[in-house]
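Colleague: Residues per chain are reported as follows:
There are 2 protein chains.
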Amino acid sequence: MNSQNEILENLINNISKLPGIGKKSARRIAYYLINTPEHNAISTANSIIEAREKLGLCKECFNLSEDTICSVCSDRSRNKEAILVIENFHDLYLFEKLNIHKGVYHVLGGLLNPLDGIGPNALRLDELFNRVKEHNISELIIGLNHSIEGDSTSLYISNRLNSSGVKISRLASGIPVGGEIEYTDEITLRQAFENRK
Amino acid sequence: MNSQNEILENLINNISKLPGIGKKSARRIAYYLINTPEHNAISTANSIIEAREKLGLCKECFNLSEDTICSVCSDRSRNKEAILVIENFHDLYLFEKLNIHKGVYHVLGGLLNPLDGIGPNALRLDELFNRVKEHNISELIIGLNHSIEGDSTSLYISNRLNSSGVKISRLASGIPVGGEIEYTDEITLRQAFENRK
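For the record, the sequence lines run as chains Y and D. Here the first sequence is numbered in my numbering, starting from 7 and rising by one per residue. Here the second sequence is numbered in my numbering, starting from 7 and rising by one per residue.
Check the hints yourself; a few may be wrong.
Copies of the same chain look alike in the list, so a pair counts if it works inside one copy or between any two.
As the list claims (entries may be wrong) - Using 20 Å as the maximum straight-line C-alpha spacing, the simulated EDC-like pairs for lysine to aspartate or glutamate come out as follows:
(1) Lys203 - Asp81
(2) Lys173 - Glu15
(3) Lys108 - Glu44
(4) Lys60 - Glu12
(5) Lys173 - Glu59
(6) Lys65 - Asp81
(7) Lys203 - Glu155
(8) Lys60 - Asp132
(9) Lys86 - Glu200
(10) Lys30 - Asp97
(11) Lys173 - Asp122
(12) Lys173 - Asp132
(13) Lys65 - Glu192
(14) Lys103 - Asp122
(15) Lys173 - Asp81
If you're looking for bench data, these hints aren't it; they were derived computationally from the structure.
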């Protein structure tokens, strides 16, 4: 059965490519999709196809959107002069859930990583610089990870906008609330010490 | 964005119904399906649809099959007189991987569970009894879980086939190989003691 049932193996194989899903879970999910009432399985498949067909990127900020301009950018109550620069859609979702940023976003689509061949042109950096230049941007908040890639991307952005007059800040790094000093890595601890207030 | 992007939320919602996948993983998988090259996402969706369209149940043993009779049942080298009774496809897959059973299977499709409304008619028990009666079945191996449901299903099968002359056995229960007595539950320990050899 293993080698002969190509349709099942193909399904398992596709599912096991999804992030966080190993071969065993993929098999369990495949059996579920085969055993569940047909409309459940078909609606899962169709929702994937629909998402690929209908979702695009916002022309302004590169957020996921069904329309040319996303719901954040087309919201008149948002402050268009303050941009929170983030890596991906998921980070945008997290910030929106917190409801702490009243401005708009700019989704870079990744972080600079020369070793993996990700240079400035692979990200939406020129689009960011154009936005800053062409619109009346007064504040840029950099919401990128505190990692080597996040640091170098932040530095690249700051350098390029050095003379633009825009106010640039970056999310604070430090010991997470509830985190223990004993288990905090050295770099974080050092930064937390330097940034003490 | 949260409430407005229905297509995305619909996709996340469908994915989070899959077994073992919570809301957070579902969101991660949805972003992956949107970001991955289109053919990956579409081929995942299509493999679900194909599985639902083309996979059916073997007329003999109720294994998953692309054909009327599955590859195990149509394999002439298998002993058609020995049936291993199992709960679902996945158990069949596990036994086939071990390559220890030279006979055929019978997939019940569940276990008796009156509290959940699963009576004998909800399972493929009549089909099993018919197979035993109509074909020349000499041995029945019950490969069901050692749980209340597995025990009562096994007992039901044994009682019904009591006078049929078929040899009935059940997989041994006991302490798992590599398992520690210290961490073995009382019922297992009691049975392992009684079944000592």
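Colleague: So which hints don't hold here, by number, going up?
Modeller: 1, 2, 3, 5, 7, 8, 9, 11, 13, 14 and 15
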